[in-house]
Amino acid sequence: MGLLRLFPVQASTFAPDVDHLLYFLLAVAVFFSLAIFCSIFYFAIRYRRRSENELPRAIHGGMALEILWSVIPFGLTMVMFTWGASIYFNESRPPDNALDVYVVGKQWMWKLEHLGGQREINELHIPVGRAVRLTMTSEDAIHSFFVPAFRTKQDAVPGRYTTTWFKPTKAGKYHLFCAEYCGTNHSRMGGWVYVMAPRDYEAWLSGGASGGSLAENGQKLFDELACGNCHKPDGSGRCPSLSGLFGKTVQLAGGATVKADEGYIRESILQPQAKIVAGYGPIMPTFQGLVTEEGVMQLIEYIKSLGPPPGAPAGGIAAR
Amino acid sequence: MTEHIDSIRTYALVLLALLVLTAVTTLVAFVDLGEFSVVVALAIAVCKMLLVALFFMHVRHSTKLTKLVLLGGLLWLVILLMLTLSDFTTRGWIGVPGR
Amino acid sequence: MASTLQEQFDTEAQQKDASTLGMWIFLITEVMFFGGMFTAYTVYRRAYSDAFAVASSSLNVTIGAINTAVLLVSSFTMVMAVRAAQLGQRRTLILFLVATLIFGGIFLGVKAYEWNEKFEQHHVPGPSFHLEGVPQQSHAQLFFSLYFAMTGLHALHMVIGVGIISWLIWLARQGRFTAEYNTPVDIAGLYWHFVDIIWIFLFPLLYLIDRHLPK
Amino acid sequence: MITAAVPEREDYLNVSHGLKSWLLTKDHKRIGLLYLATITLFFFLGGVFATVIRIELLTPGGGLVSSETYNKLFTMHGVTMIFFFLLPSIPAVFGNFFLPMMIGARDLAFPRINLLSWYLLVVGGLFALFAMLAGGVDTGWTFYTPYSTTYSNTWVIATALGIFVAGFSSILTGLNFIVTIHRMRAPGMTWFRMPLFVWAHYATALIQVLGTPVLAVTIVLVFCERVFHIGIFDPALGGDPVLFQHLFWFYSHPAVYIMILPAMGVVSELVSTFSRKAIFGYRIVAFSSVAIAVLGFLVWGHHMFVSGQSLFAGMAFSFLSYFVAIPSAIKVFNWTATLYKGSISYATPMLYAFGFIGLFTMGGLTGLFVAALGIDVHVTDTYFVVAHFHYIMVGGAIMGYMGGLHYWWPKMTGRMYPEGWAKLSALVIFLGFNLTFFPQFILGYLGMPRRYHTYPAEFQILHVLSTAGASVLAVGYAIPMIYFAWSLRYGKVAGANPWGATGLEWKTASPPPLHNFDKIPVVTHDAYDYSTVVGEAVEVG
Chain A
1 MGLLRLFPVQ ASTFAPDVDH LLYFLLAVAV FFSLAIFCSI FYFAIRYRRR
51 SENELPRAIH GGMALEILWS VIPFGLTMVM FTWGASIYFN ESRPPDNALD
101 VYVVGKQWMW KLEHLGGQRE INELHIPVGR AVRLTMTSED AIHSFFVPAF
151 RTKQDAVPGR YTTTWFKPTK AGKYHLFCAE YCGTNHSRMG GWVYVMAPRD
201 YEAWLSGGAS GGSLAENGQK LFDELACGNC HKPDGSGRCP SLSGLFGKTV
251 QLAGGATVKA DEGYIRESIL QPQAKIVAGY GPIMPTFQGL VTEEGVMQLI
301 EYIKSLGPPP GAPAGGIAAR
Chain B
1001 MTEHIDSIRT YALVLLALLV LTAVTTLVAF VDLGEFSVVV ALAIAVCKML
1051 LVALFFMHVR HSTKLTKLVL LGGLLWLVIL LMLTLSDFTT RGWIGVPGR
Chain C
2001 MASTLQEQFD TEAQQKDAST LGMWIFLITE VMFFGGMFTA YTVYRRAYSD
2051 AFAVASSSLN VTIGAINTAV LLVSSFTMVM AVRAAQLGQR RTLILFLVAT
2101 LIFGGIFLGV KAYEWNEKFE QHHVPGPSFH LEGVPQQSHA QLFFSLYFAM
2151 TGLHALHMVI GVGIISWLIW LARQGRFTAE YNTPVDIAGL YWHFVDIIWI
2201 FLFPLLYLID RHLPK
Chain D
3001 MITAAVPERE DYLNVSHGLK SWLLTKDHKR IGLLYLATIT LFFFLGGVFA
3051 TVIRIELLTP GGGLVSSETY NKLFTMHGVT MIFFFLLPSI PAVFGNFFLP
3101 MMIGARDLAF PRINLLSWYL LVVGGLFALF AMLAGGVDTG WTFYTPYSTT
3151 YSNTWVIATA LGIFVAGFSS ILTGLNFIVT IHRMRAPGMT WFRMPLFVWA
3201 HYATALIQVL GTPVLAVTIV LVFCERVFHI GIFDPALGGD PVLFQHLFWF
3251 YSHPAVYIMI LPAMGVVSEL VSTFSRKAIF GYRIVAFSSV AIAVLGFLVW
3301 GHHMFVSGQS LFAGMAFSFL SYFVAIPSAI KVFNWTATLY KGSISYATPM
3351 LYAFGFIGLF TMGGLTGLFV AALGIDVHVT DTYFVVAHFH YIMVGGAIMG
3401 YMGGLHYWWP KMTGRMYPEG WAKLSALVIF LGFNLTFFPQ FILGYLGMPR
3451 RYHTYPAEFQ ILHVLSTAGA SVLAVGYAIP MIYFAWSLRY GKVAGANPWG
3501 ATGLEWKTAS PPPLHNFDKI PVVTHDAYDY STVVGEAVEV G
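Residue numbers (our numbering), protein chains in the order written: chain A, 1 to 320; chain B, 1001 to 1099; chain C, 2001 to 2215; chain D, 3001 to 3541.
Check the hints yourself; a few may be wrong.
[Claimed, not checked] Selected chain D positions facing chain B (in silico; Cβ < 10 Å): (1) Leu3013; (2) Val3015; (3) Leu3019; (4) Leu3023; (5) His3182; (6) Gly3211; (7) Val3214; (8) Ala3236; (9) Asp3240; (10) Val3242; (11) His3246; (12) Phe3250; (13) Trp3300; (14) Gly3301; (15) Leu3311; (16) Ala3313.
[Unchecked claim] For the chain A half of the interface with chain C, some residues (derived, Cβ under 7 Å), not all of them: (17) Thr249; (18) Gln271; (19) Ala278; (20) Pro282.
These aren't lab readings, by the way, just hints derived from the structure by calculation.
From a predicted model like this one, the values you see are computed outputs, not experimental measurements.
Idealized CB from N, CA, C, for every residue including glycine.
Just need the whole structure built from these sequences, with the hints factored in.
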């Protein structure tokens, strides 16, 4: 790495998009700065005061000029807005075939879980050329998952899920930072993202997996907590069946409906009384304090694995 | 100084109207109007506010500036509420958690 | 009589105008102050409407309505006090100020009774909080957090108002107000009515709007 | 050079003596000076924090202080500089001193409330100081929940209380200004004859009055949350930390305009006076101040693009943010156009005005970067943002403040400062500033997060440059402190109007008499009509 690198490496599909917008903005900024600086210099020298009692003729303004220098910048800013918003829109919508990774931030480390059950701390191994979706939350303060080489950043907020995604384009080792101030060791809360060639990634996956996939762990937890005593697969239990639940629209007591997405399932485990399914009683105890955020994520993966109903779109509605 | 001094009768009538509106809003609250319960309750509250402001606070005799200050303040309250709600009401529109 | 005109002003009218405008602007800052809490209330009521409905319905609507009436009457007595001041009627002024003080006091007393009831019923946010009929206790607790924050700050404003009115009574007894000079009574009236208006909104928002729901 | 045996003229400084005559004064000019002394102390304190921060960042490993201490340092730097220096700086010092004079009033509308405002700032400052001495606070000046309410075990409440109290100082100052501008103008002083400084303060006052109460109530809620754990911002109890961010930024974004608008007002005065020309497009510059104040309230969500705010809210806030850019750009263009065919003097205040325009332009243009959604996701919470807002606040607001201080020093004290030293320090400040903060743009885009005690070694060289710049900057700020103090005794005696300026404040003696004018002036000209002040004019242009 050069000592005086001016731009970070581009290692995701977003990186060139963001950098191109940056170049455009830089061009605009340099143009206007130079225009202002040069005018000031020129006027300051050309019209310097030559005698103490000189009186320049008053010029009170010109509407045409005012309109000109309002409309042109306004047009430029609208280009900036549209361009920036389109990138943001893409960054907000992960593709359906993305690789899922769950992320939990806590003071002061990142805990990551792959679908295959591989767990990492402050490191993330992902394959090059494949979209990766992160579903994140925090156990304490707000953290922010920041990978400069990917030009992505997203806060991990306690109490809810947030999402971000990226598609690495270049194998290598990149900084992972926490970008939202979170206390004493904020500056040490980070590590590395390893983008690997697909073959290396497969090798890494098989080396790291021990103790079952995320869904399998979820099932174990499901059994340990005896969830199945009430949530019977055929719906004969005291609680609704979870088969094919994920992605479905759920009818709630009181008439409202909600889409069964990650946020809804998380809430239903930790605050089960917040939304009651129509036809069932508010009998489920809370599992707050009994299940960790990672455990919740495993349970979600297990419930997802119970099979989506045919034809339902992936994803769902955010918590609240 | 041109001061308008309203009659006792005016003030008494305003008080009466305020008390009646209080009774009305309390009673209407028990009638199921669905979504409109909120609307009616707030509409009555706005009426009461206007009565107090216009008569008791003499806004109807006040300068344009006072009226402007009052409207400006309410407008800013609306800005605070609406732009904050622009986040909370549009969460989940695209079906991605946290977006 | 000593001049009531301060040295930075040219005329009494300018001085009165400035004071009134100053009070109105202060009231706008108060609107924004309570506005922050109204925003929080709106956001959470949207998110937890069921819990808020039950929690809201647990408040005593009769007491709330009566207290609203008490406050409205105090506004009436206040405006009568202002009127008396404008007409230079000292005794009437004092009479109505005292009446306002009494009604304001009643409001605060009833409020204290209500709060005390909440303590007895464990409706105060904290470890022993419990509200019958709400599955998700923390959401009902949120309602009561906002209830106490809003009514508490409203009551604080009332207490300040009571202080101001007591001071006005003291000044009025000394004969400081005349038909020509009564600005303090006038702007204190604005403040008192404003506090009344805040309650006009708090009452339906906290006590009323979910009454119709079956629970 | 000391003034000889001229019979002493009575002015606001010598009309009465003793500590009591200052602490109980109702004179807006004396209160202005009380503020000047107070905020200078806080500026010094904030500067000390900044110095330690910059020295610490010389090395990536963080050896000088512990992480706890570092976090407290940047928090206290932010709290001190923002709430106790920048927010009161120009409005409370120059606004207090000159706003009444500029509109031809004897004082502000509510002198006692004005004094109360100063006491509130002092009391708030003492709370904050107490918190700092007792052990400090480490939440960042933004006090984000739930860190501030649940996880920080530092002096959050004392600091927040200090900010709460200081907030009322700001509200009352704004209230005083609005009423004064509406009700206290001299005969003939119509709205469009007011100096642009007054317009800028009118706009500032609107923000102080409309925004600050929301900060106050937010602090009350944080206070309740931290003390009673009532759940308003606690996700475990159903609260939403993002709601805190909305309420916080509803005030704190417009607060940026409380800091920069008054500086813009100062610069309008300077550019006009030292080019001896009316401001090009006076009315448009006046309206643009109000437009900035109003539009500034619609954009706060651009601080929250990665916070978990909804996609659509993010887009709306980005869109609205660009509307604020236009009135700011208009101001810069109009100042530049004012120079055209002017009679430009290179007096120190004008150098600061040039510095302001240049640095504000860069700060403003980088504002376009951070308002662009795609780029902000990458640069938010990095040094890019740190650099951006320091260009606005230090490059903009403090340049304006320093320019104003030099411009009005002769009026406030009756003495001139040494011009050579002043020019030198202006140059040193300009160079030091750029060296400090320009590398931070690059650092930020490279991905260096803000509020980092330790950092990867590859960022070191830029941090070293920045620290080097900060040392230059410190020297630049030290020189004026010395020569201003020197000038109080040894400076050349200033005449009533040393610059040939048009404002009413220059139509009375330096220092001014107790009630500003021997006789309230009657205004018959527009602001910036130089034909009235230049004797035996030589027409140019």
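Here is how each hint holds up against the structure:
no.: 1; hint: Leu3013; verdict: 36 Å, violated
no.: 2; hint: Val3015; verdict: 33 Å, violated
no.: 3; hint: Leu3019; verdict: 39 Å, violated
no.: 4; hint: Leu3023; verdict: 33 Å, violated
no.: 5; hint: His3182; verdict: 7 Å, holds
no.: 6; hint: Gly3211; verdict: 9 Å, holds
no.: 7; hint: Val3214; verdict: 7 Å, holds
no.: 8; hint: Ala3236; verdict: 18 Å, violated
no.: 9; hint: Asp3240; verdict: 8 Å, holds
no.: 10; hint: Val3242; verdict: 7 Å, holds
no.: 11; hint: His3246; verdict: 5 Å, holds
no.: 12; hint: Phe3250; verdict: 6 Å, holds
no.: 13; hint: Trp3300; verdict: 7 Å, holds
no.: 14; hint: Gly3301; verdict: 7 Å, holds
no.: 15; hint: Leu3311; verdict: 5 Å, holds
no.: 16; hint: Ala3313; verdict: 4 Å, holds
no.: 17; hint: Thr249; verdict: 19 Å, violated
no.: 18; hint: Gln271; verdict: 6 Å, holds
no.: 19; hint: Ala278; verdict: 13 Å, violated
no.: 20; hint: Pro282; verdict: 4 Å, holds
Hints 1, 2, 3, 4, 8, 17 and 19, counting from the list given before, are not met by this structure.
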